[in-house]
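S.K.: Model the placement of chain B on the given structure of chain A, informed by the hints.
As they're listed, the protein sequences go chains A and B. Per this note's numbering, the first sequence starts with residue 1, numbered consecutively. Per this note's numbering, the second sequence starts with residue 1, numbered consecutively.
FYI, nobody ran anything at the bench for these hints, they're computed from the structure. Only a predicted model underlies this, so the values are computations on that prediction, with no experimental measurement involved. Among the hints, a few may not be true.
Copies of the same chain look alike in the list, so a pair counts if it fits in one copy or across any two.
[What the hints assert, rightly or not] Here are the simulated lysine to aspartate or glutamate pairs, EDC-like style, with alpha carbons at most 20 Å apart:
#1 LYS310 - GLU157
#2 LYS14 - GLU54
#3 LYS275 - GLU35
#4 LYS85 - GLU368
#5 LYS400 - ASP97
#6 LYS2 - GLU87
#7 LYS386 - GLU87
#8 LYS14 - GLU29
#9 LYS275 - ASP66
#10 LYS310 - ASP332
#11 LYS206 - GLU255
Letter by letter, the chains look like this.
Protein chains: 2
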Amino acid sequence: MKNAYERLTEHFQKVGDLDHVYSISSWDEATMMPEGGGTARGQAMATLGVVIHEMQCSEKIGEWLDACSNLDLDDWQAANIREIKREYDSVTCLPSDLVHAASLASSRSEQAWRKCRANNDWQTMQPLLEEVVNLARQSAVVRSEKTGLSLYDSLLETYEPGMRSGKIDLLFSGLKDFLPDLIEQVVEKQSRTPLVPMGNNFAIDKQRDLGIKVMGILGFDFDHGRLDVSHHPFCGGVQQDVRITTRYTTENFVESLMAVVHETGHAMYEQGRPKGWDGQPVGVARSSGVHESQSLLMEMQAGRSPEFLKFLAPVIRENFGVSDDEAGWSDDNLHRLYTRVERGLIRVDADEVSYPLHVILRYEIEKELIEGNVQVADIPELWNSKMAEYLQRDTRGDYKNGCLQDVHWNAGLFGYFPTYTLGAMMAAQIFAAARRAMPGVLDDIGRGAFGNLLDWLRENVHSKGSYHSVSDLLVSATGEDLNEAFFVNHLKQRYLA
Amino acid sequence: MKNAYERLTEHFQKVGDLDHVYSISSWDEATMMPEGGGTARGQAMATLGVVIHEMQCSEKIGEWLDACSNLDLDDWQAANIREIKREYDSVTCLPSDLVHAASLASSRSEQAWRKCRANNDWQTMQPLLEEVVNLARQSAVVRSEKTGLSLYDSLLETYEPGMRSGKIDLLFSGLKDFLPDLIEQVVEKQSRTPLVPMGNNFAIDKQRDLGIKVMGILGFDFDHGRLDVSHHPFCGGVQQDVRITTRYTTENFVESLMAVVHETGHAMYEQGRPKGWDGQPVGVARSSGVHESQSLLMEMQAGRSPEFLKFLAPVIRENFGVSDDEAGWSDDNLHRLYTRVERGLIRVDADEVSYPLHVILRYEIEKELIEGNVQVADIPELWNSKMAEYLQRDTRGDYKNGCLQDVHWNAGLFGYFPTYTLGAMMAAQIFAAARRAMPGVLDDIGRGAFGNLLDWLRENVHSKGSYHSVSDLLVSATGEDLNEAFFVNHLKQRYLA
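Just chain A, with the same shape it has in the complex (with noise of 0.2 Å):
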């Protein structure tokens, strides 16, 4: 007979491959579907969500939680209870009718922010936001009684468990007063060397022919995951099998290379994930701030460090069949083509330098609206107001290139934001471990051999999965919790050196 780790276990197991059809579907949805197939695309994946989420909500789980306390486990089982039970709390804690609701009011808000953003229209936007932050905010109020969290770190809770508001407070405000004087900075050196333009028709096939040795260059392995196009580029799939995405413009090959190095390390994240663990929460990824930290350290860390970028550079020409004397070509003019700084309107086209502030405003915004401080009519004026202060950008009355640009709000997600900017400095805090514990590992970079370095974060990072908290993940791969100094440090010296 079964003991309740081994039903546990066992209905993970269960839920996990549900997760993975689920996951296949959404990739086919956002990747390969005719959109005739959409309506009942979506009227499928909801019904299989409701299978999973009642799986996950079943009470069995608490009764088999509680009857695990007589048990002997070992560290990775005993962790694994942890993680579920987290889990279960988080999943659980909600009235189903309030969950019903959110889901509606998203659903509705998405699908008029693509109409809103295309229309400049904030009017028509407004109504359908204060829906989704007057929901969220339910939702908050009952995540903070379960857990004596604030509001707002109750849902930051669901993304970046252990993080609070008050600690980020303290890394941005290192950044707010130390970004836009470093950007001031570096505009104006940068303006001395301008950009040499390089023709404008990149076949589409030679694109993903460097994106593809790319990958394999990095370290993804071809034989559990693939490349292929959608509108935005993502990582999805499952362990074994991950399929991430970029898009192609003829126009310019520079995004759409970077989106796949960004994603390859997202997914490598993903490849290297404790084995044998199908389906168990101690298995997956850390947290959403950790998972960003791996594809920024591959994208920003070595992606655009001056060794690899060198190393590139041939391999970029070889790809197009042009040689380093025609205009723009050069190692040079590629090297500043990818670490060109620019004060933006748009948080996705953001270089590292400015996107740390594009995070900030949203997540000063979004606190102060979960918190109840802040309505959704003043959005406008805060974001009009943070964006002349933070990157000297007029955005008033331009909706679509200002509030309008991310549908995050719209789809519910209040506590997201900030872990793309907790995940660059993760990325800098990590490379520079890596870095101490291989001191040969930037020449590596620079000969295209990323074997070390992979190696090391299969070891330090991957292969955790969530068996530490977030803090300890970082104690032990870089002796030390989240420190903003880091990435402080890697703008500094590249940007300004």
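M.R.: Frame of chain A; chain B shown alone:
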């Protein structure tokens, strides 16, 4: 409060939703999945399969069915109830340990088959196949007791409801008398005009372009489906998003293109099924034979008609950028290529004249196997003697190209083979009815205009779903029940005229 019929339809909508996700995952497995994802995918789909099966077997269905007898239902609703009951009886009649044992035995036998076929190894195959046959017989005994049908007919019923082996014996006996002589004459006639070779390096992207073009000509709706590549061509996906596949070799475009035409016939049946019956048994395709009739109507009746081949020849030449005075590319030679008759060893490579003999051979063996009149050990000798008699080919010792060539029996699919030839007969009968109804339809086809034909098929076959029995569907569409004369006449006219 919902009535029993509403609850039933709601339940089957959910079953359909989960089937949708299962279908897409299955398509992905065959077309997109990297090999390393296979184990996890198998596990995931098995789990989803169990969830679906449990929903199909739910006792609530029986209760709702009983409660429906008091309701005032319209004709389609009543037909839906009839089909729900038929399926429910079919899935619930077998004890679950027998289903499980049969599934395991088939899985073992299918896996071994890949190696045994490659190694021409009947000795290893025999005991594994014996287990599959033994369990299929046990299932047949249970089904036979439940339905009152003979052992073999009780299995046939699961693919071709209403069809009986007595009827098949009659239909096939005409073919068995007629075909060997016909083949003799056709082979002799065709030997007078040998094929001119046409090169052997056809770019795969051009073959794909041609396939897409021809799908469009036939009437495939690309807003609700797509074309991809798999090891064996198939039609999968869901009604709103039909996924067909073909395979390419650079040496030859002929088979790949006709596989596209064949699968497009299946796909257009799916795309034309009645709308608004998602997941409801009355809305699905009528039977395996009727499904095959729609693929063969496109591939054989319309697709290899002289009128269409004459239209297609310049389309093919333009696609590959050759002119009709190059060797092998004349209209006449392309026509000969697509209507060649040969006494081959392999069913899937067979032309429409010899194909039924491959099917009859299998049907005769599998019927006696299930009825217990012959044993698995007898298969090779039976195969060899029937092959010699029907197709004058010697397969002694050549298991690979003899009785090991198909996986169907290993997979436990007894009762399926005859539906290929039933489909061929239905295709001829249905196409003849379409020609009577629209005397200009071959001229239309000769201009690449399939709209009238497709409209007629939509109205008379596709949109009927499973509303009629197979017999009633044929009577309603063609004026009579299945009759082999149309197929016989078709072959005579095409190959001897």
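S.K.: Compare the structure with each hint and give your call.
M.R.: Verification of the hints:
For the homomeric pair LYS310 and GLU157, neither the shortest alpha-carbon distance inside one copy (40 Å) nor that between copies (68 Å) is at most 20 Å. Taking CA atoms no more than 20 Å apart as the test, LYS14 paired with GLU54 passes in both settings, with 12 Å inside one copy and 14 Å between copies. Taking the shortest Cα distances, LYS275 and GLU35 sit within 20 Å of each other only across copies (17 Å), while inside one copy they are farther apart (36 Å). Taking the closest pair of Cα atoms, LYS85 and GLU368 never come within 20 Å of each other, the shortest separation being 29 Å inside a single copy and 57 Å across copies.
Taking CA atoms no more than 20 Å apart as the test, LYS400 paired with ASP97 passes in neither setting, with 33 Å inside one copy and 60 Å between copies. With identical chains, the CA atoms of LYS2 and GLU87 are never at most 20 Å apart, being 23 Å at best within one copy and 35 Å at best between copies. For the identical chains of this complex, LYS386 and GLU87 are neighbours neither inside a copy (35 Å) nor across copies (63 Å), given an alpha-carbon limit of 20 Å. Taking identical chains as interchangeable, the C-alpha atoms of LYS14 and GLU29 lie at most 20 Å apart only when they sit on different chains, with a minimum of 19 Å there against 23 Å within one chain.
Within a single copy, LYS275 and ASP66 get their C-alpha atoms no closer than 26 Å, and across copies no closer than 49 Å, so neither meets the 20 Å cut-off. In the homo-oligomer, the alpha carbons of LYS310 and ASP332 lie at most 20 Å apart inside one protomer (8 Å), although the nearest pairing across protomers, at 59 Å, exceeds that limit. In this assembly of identical chains, the alpha carbons of LYS206 and GLU255 lie at most 20 Å apart only when taken from the same copy (14 Å versus 30 Å across copies).
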